[in-house]
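Chains as they are written, first to last, in the numbering used here: chain A, 262 to 537; chain B, 23 to 341; chain C, 55 to 490; chain D, -4 to 361; chain E, -4 to 361.
Just so you know, these hints were derived from the structure itself, not from any lab. Owing to the predicted nature of the structure, the values given are computational and were not obtained by experimental measurement. Accuracy of the hints is not assured; some may be wrong.
Simulated pairs of lysine to aspartate or glutamate, EDC-like, Cα-Cα distance not exceeding 20 Å [unchecked claim]:
1) LYS401/C <-> ASP324/A
2) LYS248/C <-> ASP232/B
3) LYS387/C <-> GLU99/C
4) LYS127/D <-> ASP232/B
Where chain E lies over chain D, by a calculated footprint (3+ residues, C-beta under 8 Å) [what the hints assert, rightly or not]:
5) 164 to 173
6) 209 to 218
7) 222 to 233
8) 296 to 308
Just some of the chain B residues that point at chain A, by a computed CB distance under 8 Å [what the hints assert, rightly or not]:
9) THR75
10) LEU79
11) LEU143
12) GLY153
13) VAL168
14) GLY170
15) TRP174
16) ALA184
17) GLY302
18) GLY315
For glycine and all other residues, C-beta sits at the position ideal for the given N, C-alpha and C.
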Amino acid sequence: MTIDDAVGEPRVRRLGGHLVLGVLSLACVFPVYWLYATSVRAPGDVYSLSVLPWPLSTASYADAFAKNDVLGMLLNTGVVAVFSALGQLLVALLAAYAFVAWRFPLQRLLYLMFVGTWLVPFQATMLPNYVLLSRLGLLETLAGVIVPTLCSALGVLLLREHLAGFPKELLDAARMDGRSSWSTLWLVVVPALRPALAALGILLAITAWNEYFWPAMVLQRSNAVVQLGLRSFMGTEGNDWGPLMATAGLACLPVLVLYLVLQRHIVNAFVRSGLK
Amino acid sequence: MVSGTFVEVAPPLRAREAGVVPASRESWWTRARRIAPPYLYLTPAVVLLVVWTYQPLAQTFVLSLHSWNLVPGTPMEEVGIANYERLLGTPELGRSVWRTVVVILGMLPFTVVIPVLVALLTRRVRGRAQGVYRALVFAPMLVAPVAGAAVWQWLLDPSAGAVNRVLGTDVNWLNTTGTAQLSIIVITGWHVAGFAVLVVTAGLTGINPDYAAAAQVDGASRSQVTRWITLPLLSPTLAFLVLMTVLLSAQWTFPLIDTLTQGGPVGSTTNIYYLLWEYGFRHHDAGLAAAAGVLFFAGFIVVAALLTRLAERLSHHDD
Amino acid sequence: LGSTGTGSEGSVSRVPELAPDQEVSIVFESYNFGQAGAWTDTFNELIAAFEKEHPNITVTAQKPQGNSANPATDTISSLQSQLTAGSPPDVVQLGFSDLDFTINELKALPLDDLVGRDAVQANFDGARHPYAPSARTLGDWEGKTYGVPFVFSTPMLYVNKKLFTEAGLDPEQPPTTWAEVRDAAQAIDRRTGKDGVYVDCLTKTAKDWCFQALVRSHGGTVISDDRTRLTFAEKPSIDVVRFMRDMVREGIMPNRTQTQAVESFARGDLGMILESSAIQGMFLQGAGDAWELGAAAMPSFEGKQAVPTNSGAALFVFAQDPAKQRAAWELIKFLTSERAYTTIATKIGYLPLRTGLVEDPGGLESWAADNPYLAPNLAQLEHLEPWVSMPGPSYLQIRDGMMQAVENAVFQGAGPAEALRSAQQEASALLPGGER
Amino acid sequence: MSRIQLQGITRRFGPVTAVDDVWLDIADGEFLVLLGPSGCGKSTLLRLIAGLLPPTEGRLWLDDTDLTHVPPQQRDLAMVFQSYALYPHLSVARNIGFPLRARKWPRAEIRAKVAEVAATLGLTALLDRKPKELSGGQRQRVALGRALVRDPGAFLLDEPLSNLDAKLRTGTRAEIAELHRSLGTTMVYVTHDQVEAMTMATRIALLDEGRLAQLGTPSEVYDRPASVFAATFLGSPAMNILDATVRSADGSLAAHGKGIELSLGIDAVLPDRPVRLGVRPEHLTFAPAGGRGIHAVVTAVENLGSEEVVQCLAGEGRIAVRGPRPLGVSAGDAVTLTARPEHLHLFDSASGRRLTWQPESVPASV
Amino acid sequence: MSRIQLQGITRRFGPVTAVDDVWLDIADGEFLVLLGPSGCGKSTLLRLIAGLLPPTEGRLWLDDTDLTHVPPQQRDLAMVFQSYALYPHLSVARNIGFPLRARKWPRAEIRAKVAEVAATLGLTALLDRKPKELSGGQRQRVALGRALVRDPGAFLLDEPLSNLDAKLRTGTRAEIAELHRSLGTTMVYVTHDQVEAMTMATRIALLDEGRLAQLGTPSEVYDRPASVFAATFLGSPAMNILDATVRSADGSLAAHGKGIELSLGIDAVLPDRPVRLGVRPEHLTFAPAGGRGIHAVVTAVENLGSEEVVQCLAGEGRIAVRGPRPLGVSAGDAVTLTARPEHLHLFDSASGRRLTWQPESVPASV
Ligand SMILES: Nc1ncnc2c1ncn2[C@@H]1O[C@H](COP(=O)(O)OP(=O)(O)OP(=O)(O)O)[C@@H](O)[C@H]1O
Ligand SMILES: Nc1ncnc2c1ncn2[C@@H]1O[C@H](COP(=O)(O)OP(=O)(O)OP(=O)(O)O)[C@@H](O)[C@H]1O
Ligand SMILES: [Mg+2]
Ligand SMILES: [Mg+2]
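Model the full structure from these sequences, guided by the hints.
Rendered as structure tokens:
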């Protein structure tokens, strides 16, 4: 029940709300629409301003596929996104569980260490990390892209918030029922947190999917993630707009589809998480 | 006649007062088993954190006290705080700090004002439309920064771009000192506003609707309810958003700057992170870059501490 | 032949030939792999051919790490990161602007020591077509050859013949002096409503190669000959900047980024552009049937000889292992061979450094005949002077500071003299032996 | 004068009908208690009156004005929320003064009025505190103060005592009753606590699944429950309900069942009729074993301090008996229970509605 | 056999001492109720017994084993949580079977055992539901089932009924009592509801700010409260407490105060002594006006259905009187109240502890 259920909401104001929201939403989606519109224009029409792309053409896509191994890139990016998100979830889950289920010395300090990662400029740690990866022999591997991102401060913070709202008595009940903390985590906590984990996982996957800075450093020998594929159509000599937009469209497509399918859950889980 | 006295009923036995304190010795093994679990669960995260964030940060700190061109074999020269002096002596630093402040201020409308507006308005519309608007506003978040940059580069093109053609202007948005920063801010704002809307919506959902209902019954008009009740109660969320904006704005703009303006024109979009990037990766001045990294880290700690303090003072928690 | 031992600061001893069955794998880093399309395809083709010729050598190609729109700007930082990590690529393609830094700071290996001066010179002489004389020494430092010049382009004035016609100009007589350029631009601007001219030498992104050419054409330099003093705030430079600034103020040169200008010209919205000959392919593709491309040599200033400079890159060796060093040399030889140049010129359109090829019927003669834009380009080689790289570890800061001042004066309304002067002052401190 | 009239008020949430066609006429100065089990629609009804929810159907009148489409701001009502809904970011003084601030009173007047209200509620020392620094009882009083400060047409109170512990509750209950007496303002009071309902109401509206199950004074509702629902809802332990058959014997009616034989005190001859027989625990007395009455076996004796509750098993039915301590029976005893005919309630076995005896000539209730 | 012994158990949270040096010896088969106001440390004590919290001081024994440092998994105890703590993602059957699964029972045996427990609790039809599809009472039973399934050494129950409405509460209370009777297992039961405490306990442990305030059978605690705290905590309305002075007059003792004169039924001569006088509302009776007793004015009469509570004002003190309806007084009446000497309680005015009369020769209590 919200205040806006109350009696006497004038119709005009509601229309005003729709108007403002409509304009804002349009401003938000228009670039996305334009991206796709441009990607399906005929090569000669790339600069056309008509809102509806006509005639439709798949030439740009064909071009993109011809010049880059787009499918391979999508696959690689998918692998990175999935494993990175799963890894981050696992690490964050364990950490958040520790923070919520026990009180222990150094707790606050450790927690601040996580928050602190937000303050460390990425540019400052990039080179040492690269050198370390090289020593570990992980350059040019997808693992090299994934491993350094595995500890996500955001994940830990969000899950901790979530878990803090989780009834502690359930943990105690499981203990009384003879469970170790490890099996409690998997049998009690994880199933109950499933929606939140899914929402967070998707957010993390989107972030990992869109990441290009670090992959650009680690994966030199191929356009191994799709965001880097985009770069190969940009250049001093001007951008190759058609295939660029086509690749961009393909790069966003899986995330968009995922989002459209799970939109409700993501937003709801997020909203319910009471992130404050 | 009977004589007697009133006596107090004794309280139940309390042995500590009698000096008998029973104690039980715990073996080290049970003790270890009791204490260890949280640390074990934290181990993976902390190891990753140390290896990939704090250890490099420490290296950076060491590097900031040296002069070295990063080539193995060439000597690393210890120079004390010379790098810091040099850094503080460059006019670029002051300018980039100022530009960072501008970026942060410019981002606030996108991370606070618009999201609050959108979240309040979406609550007002009913049914499916609510979800649809939220979904639309969130959509840019899904577009990779590079792809977003590409589209905007197209839209902002001075001669062929949609923005100029629609507005009937002739501005080279990304290559004019006055507008480049603005463009970067708008594009970044476009990108993150959806996330902020989500955060605000979550915050609003967390506010007990009874407060607004009570205020209405108390005779407050809609705008009074918003100003006197909803916004103050939303203040922790808003504080979180402001903190996030202050700490992360410069990071968020980074990929866009790198793709769209490379810090230009004439450095007008070079904020501190881009400056750090230029020192480290274009000018190969490892010592200076490290000093800048350390300085910015320290600066942000101070800013974050101040902001949290301030936020705690100003925001009203609902509990 | 010398010993096989490796020295302390990179190997400078002569490296032995590879045994026929000695398996070697090397890494080749080139910014050409950063761009999808013709570039990558051609290079992959060349490498395949090389591996076929040298079955015992495996080449792994990679692009520079980083993500700039122009991968060529990432080359040095990429190499540096890899050097820091202790695993540099074996052969690297680096621009001439980085020459000083590459050799003096990054310690590229002297080819003369590695394979012997004779071998290096023999490669320059080639089987039939030697290198153009002005190109041979571009990768030398203090008399030793460190890099083999590989690709190469010169500034050219490209014109849109269609717009010329529409503006009532003669498309077959492109301007030869800057004054004529200005007049033509005015005409185009006034009669067609399109933009007149863009000189792609005046921004930080454009780097300083053709700004150097403009200054030299006006009788100045950006740095003294002994490379100890910056001179870009002197009158010739200021005049050049002022001239360009005036064109911007008149509205005949639009404020554009490099990318925007190139696209705009390709689209047919710009009358003329002073641009690297390397981009010609893009213009031809953009022109298609819509308009016709014309090309002329870089214009001169009234009464002076135009002095073009070259942009481009050379191949350097960073391999640490003798076998790899030898394999690297083999790759360099192959990539600069007549055969490779024939492929590169036909597929990408780069000017061959072995200029004789364009007269060779078995080489590029027919290609040259089909390519009317080649003649002015070749003609310019006669007056070509090398792109001078800035000295010291802060060379990029110096270069960027200078170009930023130019950009600021030309496009963003700063006063040319003050802007250049203060930039020169700041930059001078960064010179080796400067205050720093 | 504030008479509140509900005419066929209905409110649906999707498939759920939270309030179902309620007609109520609340007179000026009345203390109406809305009573009913959890989820029966009490809060919803109150919110409908407050205007916080629009009704799906029906109309609402305040005196002679149609309030149905008037927004809450313009209804002259004050509400105390179940959760108090004190504005957590405002001090006690500003919480109490809030309605006046919304009405744009001058500051000085607000301050004076707040001080006055605070004094009557004993809150003067707390005016600068924030709600979270108050105890439950203090919060409750602040919420009341916020309502009192503006002298509204009517008060709506939603389970205002449910969060208090037993001791505080008794005290506050008395305070509210006194308040009503002194102000004479109409009050609509929601509760699920029957002691509150019984002690405070001038009338009780008993709700069941959104419908009005019974409306009457506390003693009417307690003494003459209109249905099995009403009978078992009020009273603790609840009224005993047994399946029985009304049968004529010797010209008078009696309720018969397994081990049950209780005279109804009505002289009449009727065909047998199955009924549900109700009798309150406090109305049962122990009779000499073997006589007429309910034959039962004691299963447990519960000591409530001042009284005892004896749990018995009669046939398959459980029966509770309540009386002053000690009742003198213990678990396992076989007992016979009787009750006076006027304390017996009969309900239709199908509909559960109360049955009254209508003599041909003079009406008399069972 | 499961005898639980607490020896000097203390638990501190930072500066707060939640449980303070508690000694308890809970015999096998006992039903011990932990009673006390909110925040007095009941839950903490239960959690200490369960092993969910380590004690700061003291030792804990189960029969002859020192449990102090044994993790909860290895104590043979079952706990029913205040909030039930049902696993929301598991069906009723799997919730009940959860402890057996942890003990690696074979599936078939688990199923059989769960079915058996479900049958005794009447949950058979609900086995496939998820907790959120259950009513409060059903959830309660599932929580019980989860405890019952494993036949533990003792049950620990933390306010298991606090979330139920009055009706459901009465029923479940009886079920738990019956369960205890049939199983004979030791139970430690936390509540803040005195009716539960009185009806179910074999002994009550009354806690006040972490300390044991009184330990005894329900009637001991009700009839002979050891302190003012115990006296006012049990009983509804609470025992009336008045300031008075014990004075000898005519060779016998009486309590005197403002408008108070009540004989204590003790013949003795003593110096005057200030005391706090306690008398339960149900022990007060109306006497003819003007006689000896408590002179008071009726301020309100509350109808509880079967009984009435009369609120009076005597001097500055409020006094409640409870009796069967109707008591025949109304607000404004001046009344005189008396009570029999054996129903008067005296407490020390400083320490608040109960005073007993110790005759020189034969001990006799007041
Ligand atoms: N906003 C809503 N959406 C859907 N159903 C609702 C909503 N509000 C109330 N209900 C339903 O309406 C019914 C009545 O709810 P209401 O809150 O009025 O009950 P109540 O009598 O106040 O109960 P309680 O004593 O537990 O407070 C319930 O079944 C509830 O689930
Ligand atoms: N984890 C904790 N940290 C600090 N203080 C605590 C903690 N747990 C309990 N306390 C404090 O210990 C005291 C006793 O708490 P406990 O939960 O045992 O009370 P309780 O008797 O169960 O109360 P209630 O009837 O309200 O459940 C309280 O003052 C409480 O604030
Ligand atoms: Mg309610
Ligand atoms: Mg508790």
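Hints, verified against the model:
| no. | hint | in the structure |
| --- | --- | --- |
| 1 | LYS401/C <-> ASP324/A | holds, 17 Å |
| 2 | LYS248/C <-> ASP232/B | violated, 64 Å |
| 3 | LYS387/C <-> GLU99/C | holds, 16 Å |
| 4 | LYS127/D <-> ASP232/B | holds, 16 Å |
| 5 | 164 to 173 | holds (count 4) |
| 6 | 209 to 218 | holds (count 3) |
| 7 | 222 to 233 | holds (count 7) |
| 8 | 296 to 308 | holds (count 8) |
| 9 | THR75 | holds, 5 Å |
| 10 | LEU79 | holds, 6 Å |
| 11 | LEU143 | holds, 4 Å |
| 12 | GLY153 | holds, 7 Å |
| 13 | VAL168 | holds, 5 Å |
| 14 | GLY170 | holds, 7 Å |
| 15 | TRP174 | holds, 6 Å |
| 16 | ALA184 | holds, 6 Å |
| 17 | GLY302 | holds, 6 Å |
| 18 | GLY315 | holds, 3 Å |
The structure fails to meet hint 2 from the earlier list, while all remaining hints are met.
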